[in-house]
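Participant: Chains C and B supply the protein sequences, listed in that same order. With the numbering used here, letter number 187 in the first sequence gets 187, and the count goes up by one each step, no holes. With the numbering used here, letter number 271 in the second sequence gets 271, and the count goes up by one each step, no holes.
Honestly, the hints are just simulated from the structure, not real lab data. Hints should not be assumed to be uniformly reliable.
Label-pair restraints from in silico Cβ distances [as the list claims (entries may be wrong)]:
1. His318/B / Ala47/C: 57 to 65 Å
2. Ser23/C / Arg159/B: 33 to 41 Å
3. Trp78/B / Ala47/C: 56 to 64 Å
4. Tyr158/B / Pro204/C: 46 to 54 Å
Just so you know, these numbers come straight off a predicted model, no measurement behind them. The C-beta atom is built at its ideal place from N, Cα and C for all residues, glycine as well.
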Amino acid sequence: MTALALRRDDPGTVPVPGSRRRSIGLAVALGTLLLLLVLSVMVGSTAIAPSVVWDALFHPAADIDQFAIRDYRLPRTVVGLVVGVALGVAGALNQAVTRNPLADPGILGVHAGASFAVTVAVGLFGIRDIGGYLWFAFAGALIVTLMVLALGSTRQGQSPVVMVLAGVCVGAVLRGAGSALELTNPAAFDAMRSWNAGSIVGRPVDLLWPVLPFFAVALVLAVAVSGPLDAMALGDELAAAQGVRPAVTRILAIVALTLLAGGGTAIAGPIAFVGLMVPHVARWIVGPHQRWIFAYSLLLAPILLLASDILGRVVMHPSEIPVGVVTAFVGAPVLIALVRRSKASGL
Amino acid sequence: MSGARVDFGRRVLVLRRRRIAVRLDRRSAVVCALLTLAAAGTAALALTTGSYHLGTGQVLAALTGGETGLVHDIVVEWRLPRVAAALIFGAALGVSGAVFQSMLRNPLADPGIIGFSQGSYTGALLVILIIDGGYWQLVGGALAGGMATALAVYVLAYRRGVQGFRLIVVGIGVSAVLESLNVWLILQAELEQAMAAAAWGAGSLNGVAWDQVATGGACITVLLLVAGAASRPMRQLELGDDAAAAQGVPVSSTRLGLIVVGVALTATVTAASGPIAFISLLAPQIARRLARTAGITLVPAALTGALLCLVADYIAQHVAPTPLPVGVVTVILGGGYLGRLLFTEARRRL
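My request is simple: use the sequences and hints to build the entire structure.
Facilitator: Encoded structure:
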């Protein structure tokens, strides 16, 4: 599309083709997200009418349904929204940086690092509450991602393939060490089996406050690197010729994605496929334009996460399936359908 | 070729016996001999070590029938089947990985890639947690789960033939579904049952006895012979589908056959011990580096796999502070080795 625009005499006045369609799509996505936010508060082991939801928010009273909303459904919905946004943008950044169509933040060692750190927190330090794990998980995700980054870098910069492989190696070692700890420590095993499922239940909203500043910084970084990342899609040399510094861009993008994916995982546990699938779908809708991909991922990921969460409450009513399990069940068929299309979407 | 010397580019050994002549790559032969020696040494060490320490003399006497009673039982009934299982299963995994890596032309491929390990774990979990079945039901569940998954992946990846990349991606997708299903199943179970299931899922040689070694060994022997017979079309497939077809190899059916052999080898091991990770991935790569061959070779891969599995089981039993499933050790060692490889290769490219 860039090449097309360059051939025109005055690219500035010509509207970018499809820009209107993209804006309409974005508005539809926003509407869907708002609808899901409301549904997420209404649907559950007991269905609650919209009027009660309205009252709970604006005319609080000592009513059992209102308690359910304020203490359980609302925090869960807000956590789902925030984690979804974080994972979606992290996924989009990750695919842009590694240029690997299968890149999930999980491969950079985010899940492995967070999971191992939580195992250590429970198994060796005896920490039991989710607020206590949070910092372990966040730190674990950040440290391991840095390790993967160091291991995956050569002096010329980072090669996507080497980076992915480094993630696999570090992940394997940590998984082994983690399972050695779990299999000899029933308490750690018990905590990890629920943490590893990935869930947004039982996370108080207070848990979000310390992580939000990191997310804000990361989102600003994501917007800042979106232009340079577009240039880098043509290769580092061409990007450098356009005045982009590939190494700096890549490092900033990786910092942002680590903060987002690490923070999201620290709150909810490892949630598969959101970070992988959403950017694909976004790219499918808007084409190779990073800023649009970010915008769509920002909305589509919480849509997917909240829809999966609602589905998880309905399918085995009245018991629930953790959202991480549902996203895998929803995500994998999409992945398979993508790769079965005649032209698999390469990056 | 009477009298003419062919330059193979490598030093070769030629064994001639009247009408049959065998050409062996010299470095591969030496490496294989050394691997066999190392495996024998580790086996001897494993037979003497344990909570009841035995001397080499006692072990030898027990093996040749010179000991009776406790020493005989410890060596022949307890430790020997475990050592034999480690060697046989390791070899099977090594060959299984070699077949997949050659077929997909991807050094990171193994039957786990088409979802076999996750599928067999799902099958085993269903047996353990829902029908609370015995050993043979567990074996049946694991095999059925693994095979059904492999078949599903193959069918889902089939679209006018099976292409390597598509197979890998579909495998990742299906594995992810099963993995989260497994997580959920584990979450539903009682803690004790869940831990037992997780230990099986990590891959363990605990409680392997002679009848499993015998059954597994027989299946594996047959499958190894089939793999050996398929090694020539395998080499031709490495040249690419078109080149292989031009040389008269039926590409689709050969690939399906190779998948079946590779999966069956891993299936046999999984049935007896649970999914032991990373051996099938690493053995062919380590063997290739040791023997410095251009492609994947089966015999060095088998021997490397056997040695790896035995060493890992020794570490899991005797070196770790508490006895662990062997799969935990292979994951750590495998990840570490892969990391080191990556590190040195990345540095070399500077």
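Participant: Are the hints correct? Go through all of them and say.
Facilitator: Do the hints match the structure? See the list:
no., hint, result
1, His318/B / Ala47/C: 57 to 65 Å, "holds, 58 Å"
2, Ser23/C / Arg159/B: 33 to 41 Å, "holds, 36 Å"
3, Trp78/B / Ala47/C: 56 to 64 Å, "holds, 60 Å"
4, Tyr158/B / Pro204/C: 46 to 54 Å, "holds, 48 Å"
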